[in-house]
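> Residue-level listing of the chains:
Number of protein chains: 2
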Amino acid sequence: MELKSENGSTEKSSEIPPPTNPMVTPILTDLYQLTMAYAYWKAGKHNERAVFDLFYRKSPFHGEFTVFAGLEECIRFIANFKFTEEHIAFVREALPGTCEEGFLDYLRQLDCSEVEVYAIPEGSIVFPRVPLLRVEGPVGVAQLLETTLVNLVNFASLVATNAARHRIVAGNSKLLLEFGLRRAQGPDGGISASKYCYMGGFDATSNVAAGKLFGIPLKGTHSHAFVSSFMSPDEIVEKSLKSADGSTSCEDFVNLVQTWLNKIQRTKFLTGGFGDTNLSELAAFTSYALAFPDNFLALVDTYDVLRSGIPNFCAVALALRDLGYKAMGIRLDSGDLAYLSCEARKFFQVIEKEFGVPDFGKMSITASNDLNEETLDHLNKQGHQVDAFGIGTYLVTCYAQAALGCVFKLVEINNQPRMKLSEDVSKVSIPCKKQCYRLYGKEGYPLVDLMIGEIEPAPKVGERILCRHPFNESKRAYVVPQRVEELLKCYWRAKMREDMLPLKDIRDRCIRQLEKMRPDHMRRLNPTPYKVSVSAKLYDFIHFLWLNEAPVGELQ
Amino acid sequence: MELKSENGSTEKSSEIPPPTNPMVTPILTDLYQLTMAYAYWKAGKHNERAVFDLFYRKSPFHGEFTVFAGLEECIRFIANFKFTEEHIAFVREALPGTCEEGFLDYLRQLDCSEVEVYAIPEGSIVFPRVPLLRVEGPVGVAQLLETTLVNLVNFASLVATNAARHRIVAGNSKLLLEFGLRRAQGPDGGISASKYCYMGGFDATSNVAAGKLFGIPLKGTHSHAFVSSFMSPDEIVEKSLKSADGSTSCEDFVNLVQTWLNKIQRTKFLTGGFGDTNLSELAAFTSYALAFPDNFLALVDTYDVLRSGIPNFCAVALALRDLGYKAMGIRLDSGDLAYLSCEARKFFQVIEKEFGVPDFGKMSITASNDLNEETLDHLNKQGHQVDAFGIGTYLVTCYAQAALGCVFKLVEINNQPRMKLSEDVSKVSIPCKKQCYRLYGKEGYPLVDLMIGEIEPAPKVGERILCRHPFNESKRAYVVPQRVEELLKCYWRAKMREDMLPLKDIRDRCIRQLEKMRPDHMRRLNPTPYKVSVSAKLYDFIHFLWLNEAPVGELQ
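Protein chains in written order, with UniProt numbering: chain L, 1 to 556; chain W, 1 to 556.
No false leads were slipped in.
Because identical chains share one entry, a pair is satisfied inside a single copy or across any pair of copies.
Here are the computed lysine to aspartate or glutamate pairs in the EDC-like style, where the Cα-Cα straight-line distance is at most 16 Å:
#1 489 / 136
#2 212 / 93
#3 58 / 370
Because the hints were derived from the structure by calculation, they are not lab data.
With the rest of the complex left out, here is chain L:
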């Protein structure tokens, strides 16, 4: 996935692989992009040079930050942007009325060789209104990119942000597993979620296709169906198990497990007390251990966690230990996870003490079952003994806020700055081709993002800079940056362009940047807004243009 640009040579698009999902083509777009392309072409405007900004207006989940994701897929789409004859034939059919053949010829030869894309590196922490991508090129083709680019960034950034927020609540010491494929919004809702949750700080996924496509570590055990598919240990035919070092073999592992279960049942120090455990569960655990003696992790809540699942698990784990194997742990998928995890921990500790089994008390406990930021927070407050969280539905569908509102706005055409007005000031776009900077303070934290016009000089370290809110005239502040970071880097077409990094490196960038933010911007409840500003010059220009474009009413 690492793509190096060769210094000085013109690159071919074939260097960059196509989008991960083969359904991402130039016709994965809104019809109006094609009608507009036709109208631009009819008006002879299609080659006018335009600049579009892709940005969002409000961070999701009542938060004050977003993790920018989806850039690599955008660049793959742009690099391979080409209508096939099949697409062209469909466009001819789809356009209302009859369209001229010349337009179809225009589409036929269209690619992104005249397009330039500057972007904030993927995995960066970003803020409202600052362009994530700046797309410059002939208006005909640049406009045609809108829907697809917005689609590729919107969900990617949303779910990466969601993952990062879960990581912040869970803390760095916990393992976070994404288990959402079945509940995701369609097949690549699942695949994208797995990719971008990993980017946002998760450790692994259950999604095999995502593991294959992106090299994300895979995790998983078994389900309730596996447990209830067994009736009793009698049905296990192949009962022998070799020891871990291969030196010996246990001829009747089923019996060994039963022996341990009897010992556990006689242990008076075990809290609660339990009668007979469920035999179909015992059979399922035994059978699973015979298949994966090295990686035995059992789902313990099919019948009853404390009275059946945990004793059954311990019996199998202790039998495995006799043969030199180390069981991995349990998964809880229902009930009071705080309470059950604490009880399970105590149980393991009693086993450790009673039977002199070092480290048995540290057995890993995974919890799943409709977890989200809030339930993680509650678990933390209640106290729990969970080592790993498996998170599905709420994570991958971004249940708390299912969409991010990225938009793609024309900010300049033919060197003329343009802006979209609106009755709602938050929807007014910031005109002009812009440069964007992040200014850092003395303590190393980012202080403010600053947008300036293309030809304004870059802000300098140690210089006193007036940063203005783009629309609110009373909000402004002087900043003396200790470090200045240019945010927009070239990702498409220039000879010197940024490398596409492996997913793992993008994930590392994300984790590093999250750690670098001032904590009050990142907290879950009532975070402090991060400041996004424009230069004094850009501020003045915005307001000049605004007055110019808005019609003046006549009161009667």
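Since the structure of chain L is already known, use the hints to place chain W on it.
Frame of chain L; chain W shown alone:
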């Protein structure tokens, strides 16, 4: 897309095309399906005959119904289920520990020729706990289908239901357009949303790829960027326009538009009054009309709807009319849609009267901008003049509830009924291979869905039948059905299997079924729950099995 089964002949899977999204393969699954398959295989259990039910537990959006969707994609997946060598190689890598080569050989030859799928027809109205699919086959392969089937049904049914709910609020006379691609959860979040919103009762989509894949009607106009890409009518070079019948030609359409604008500006009956309209907008509208004289629909809120957008639109529409063209209408994308649509309607009616233009007052008004069920409801209550709604974000991401909780539960293996217990009674599954019926009352409405054991006799018309709540012993009722509908039909593998219908027919079924429901089940607020029941015999069996499986505690 219509697939007929040939009577009497064994069908080849190649008759059925692969899933729409090529990413849907046997490895689009959770890792634990593969570890379980390995454990089943190791235990020699993989060919035991199992029955799984796919169902959901609670209808979404605080409603009491769901539109079942996704079946065709499930059948395509099943019919083409086959591991490639590339998949096998990855499975070898992905399984924890080392797996035996024999297992990989087993996967190599695996397909769904031994699997049977019964399902409720796609586009049907369905209710909690009733199996949407019943999958029967060797446990090894049936288990491997779980994640993918659930993924394919969950979002499809959720978004089809969301669309149906929007249709109910909007009423049948309004045009409903799905505009959500850019905000959807990834590329095929968008494509699935377009397909299943159409199924749920929408009329068209903006998504070109969905139009091509599924034959859904396409709609779209232009965006704000198109409007702001123009500076003034002076830049329009090609100004001539042929009349609709080709008999004459207007050499300066730009001037004709200007003449009409002047006339409109002098019309004293137009409410409000306005000064100069925005010239870049006028240029954009004129240019768009030159490209699409037959299909002129303008987005009128880039600068100011009443002072600029509507007068500009009317000038262009009247100029087009001089040449025999009929403009289609306007789109409003911001502001107070109820108020603006009423003002626009008045404006059109004044034009009709002042200039003697028949039907100008009926000009179509499309509204968009973050619409959802609730805003549609509010618009209805306020009174509005909107003819068509363009709905995006809230519709396609199912913002009000981003996931449906479909599950896939083992209900029988080796002819032994199985059930999953849970501390939460709503999560307990109903055991046994079941038949499912919908019983209709005198007034033609469905009264209750009834699940019975496989060998119980089917309910008969006119017979008094005791229907019991599966878990609540006090909830039961006698029903004398006037009509009995068998819900589960064979969709895979039997010689006589149901045809897969074209999308349009499935949509018709959905619309018909929605109309057939008793209205109080369908209302938006506090709908009456529809009853889902089991036979007395199945009830008794469930509770016998429950007591049998649950461990008995010992209080100390």
